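Based on the provided sequences and hints, a complete structural model is requested.
Number of protein chains: 2
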Amino acid sequence: MEILIAEPKGFCFGVKRSIDMVEKALKEGKKNIQIFGPIVHNPQQIKLLEEKGVKMVNSIDEIQPGTVFVRAHGVSPEVFRKLKEKGVVDIIDATCPFVKVEQEYAKKLAEEGYQVIIIGEKNHPEALGAQGYAPGSIIIGSVEEARALKEVPKIGAVVQTTLEPEAVDDIVAELYHKAKEVRVFNTICQSTKMRQPAAKKVAEQVDLMIVVGGKNSGNTRRLAEVCSRIKPTYHIETAAELKKEWFEGMKKVGISAGASTPEFIIDEVIEAIKKMDGSSKKTSKKKSEK
Amino acid sequence: MEILIAEPKGFCFGVKRSIDMVEKALKEGKKNIQIFGPIVHNPQQIKLLEEKGVKMVNSIDEIQPGTVFVRAHGVSPEVFRKLKEKGVVDIIDATCPFVKVEQEYAKKLAEEGYQVIIIGEKNHPEALGAQGYAPGSIIIGSVEEARALKEVPKIGAVVQTTLEPEAVDDIVAELYHKAKEVRVFNTICQSTKMRQPAAKKVAEQVDLMIVVGGKNSGNTRRLAEVCSRIKPTYHIETAAELKKEWFEGMKKVGISAGASTPEFIIDEVIEAIKKMDGSSKKTSKKKSEK
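Protein chains in written order, with this note's numbering: chain A, 1393 to 1682; chain B, 1393 to 1682.
Keep in mind the hints are simulated off the structure, nothing from the lab.
It is possible that part of the hints are untrue.
Note that identical chains are pooled: a pair holds if it fits in a single copy or bridges any two copies.
Said to hold, decoys possible - Straight-line C-alpha distance at most 27 Å; calculated DSS-like pairs for lysine-lysine:
| no. | residue 1 | residue 2 |
| --- | --- | --- |
| 1 | LYS1492 | LYS1585 |
| 2 | LYS1408 | LYS1572 |
| 3 | LYS1592 | LYS1572 |
| 4 | LYS1542 | LYS1572 |
| 5 | LYS1492 | LYS1514 |
| 6 | LYS1422 | LYS1439 |
All of these numbers come straight from a predicted model, not from anything done at the bench.
Right, here's the structure in full:
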């Protein structure tokens, strides 16, 4: 059985950077390290950090004196203010630089009098964070929602960095019917942009796709969706979920992993798949990114 | 036979305004009135003006001392400059105010460093005129052309005032893949925006559609296209083209007319259709605009 791996796979730039920042804080011996919200939508990575003594806190009230991390998704200025008001904490901002750009554009557009639209998932922390930078802004996740918007003179839009570019097309086309001026900052990050075409390409060449990543990770779920339109696809979080019968008669298996999937999980999955089949010959990487 | 008329029909604001300006100049006794390019894409209206002594000139070299009109479509600043250099002429600018807005946005976007895209017909005088206001701008008339664009940091787009909004959707969606920032000024005029839905609505209620207007008028051709997707449709320039056999067995006939179709032509067509059928009962107007 041949295994093809779609690249890029696993942690995107922003997630890797945020986890590296936490690891650094651990090494420096910082006390009582807390992360505001899950640092990455992956339960296994969270567990690994928790084992090292890092705490995930879900509300500002829970925060104790010590170090608190703002995760890669970012938070609204309101949340930042509240964190500062706690006074007793050292705040480390691990917001992804690409998310920062999204937030800044949202802010700038609101200041310039645009009705700001965050094209993103309604309850996604990144979209909610960006929304906080643009008073009166609206999160739009579907063409139907865009169609329901009332007409305004000027629409300014930013895009959640992890959305599939094709999913945004129809929303952008719809926005253009809603205002005389429509200004879109396409803030989808390069890594997301490349990950899906890479996964699709691998899916076309294999008999079965295994997509690895948190069930609560939006971008991983979309990878699985995209692949399932091409080939039979299983979305798993860990190697333990793999079933021998999936691989019966399969000659080529493809692997793709979301932006929040840690490398060690992907490695475990690859090793487990190899064991599913005695005749495993080779593992080839489809490099789409260097 | 019942006749339904789609409103708005005939001259749009800009065309009516330009012809009124010429009529006023005639009344004032201005000498040697010339129009640079056909003032309206309608041979019958042109003939009517020519009979009154107005000359259509197609090149700057042809212009003689007297009065010269810039038509509703507008011209590039380069053409304006050349007209002024002729020195011997009185220039009257009958550019449609909505086209002026399009030109001004094109200019502003170019000044602000955007790659300017004129979404419009490649050889349409309005698109060519607007192009002249934005150095380096490109006219894009199809999704394929948009797809072929190279990626740039910032795209700024304006839209030919007479394009069908739906035809522009896919181009806008494609542009958004070509730049980090896409800014679209939706300069389609209100009259165009309403004319097509009104024609569609009438087409849905009748057995046959008659679309009246110049064969060289882009917006009239698009009205005919839109109607022909719904019901059998004939695009005619004058009542003389009507054929009795088209109306055999027809109970309801719809009429729509382009933005360059003079009222007298539409009236003649309505009268001629009434004569096609002895049992003509009434003419109802589907008002979509007041």
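Hints versus structure:
When the C-alpha separation of LYS1492 and LYS1585 is checked against a cutoff of 27 Å, the pair qualifies only within one copy, where the shortest distance is 18 Å, while the shortest distance between copies is 38 Å. Only between protomers do LYS1408 and LYS1572 lie at most 27 Å apart by alpha-carbon distance; the minimum there is 24 Å, versus 40 Å within a single protomer. Proximity of LYS1592 to LYS1572 under the C-alpha cut-off of 27 Å is restricted to the inter-copy arrangement: shortest distance 23 Å between copies versus 36 Å within a copy. For a Cα distance limit of 27 Å, the shortest separation of LYS1542 from LYS1572 qualifies both inside one copy, at 12 Å, and across copies, at 26 Å.
Within a single copy, LYS1492 and LYS1514 get their C-alpha atoms as close as 19 Å, which meets the 27 Å cut-off; across copies the closest is 40 Å, which misses it. With identical chains, the CA atoms of LYS1422 and LYS1439 are at most 27 Å apart within one copy only, with a shortest distance of 19 Å there and 87 Å across copies.
This entry satisfies every hint, going by the numbered hints stated previously.
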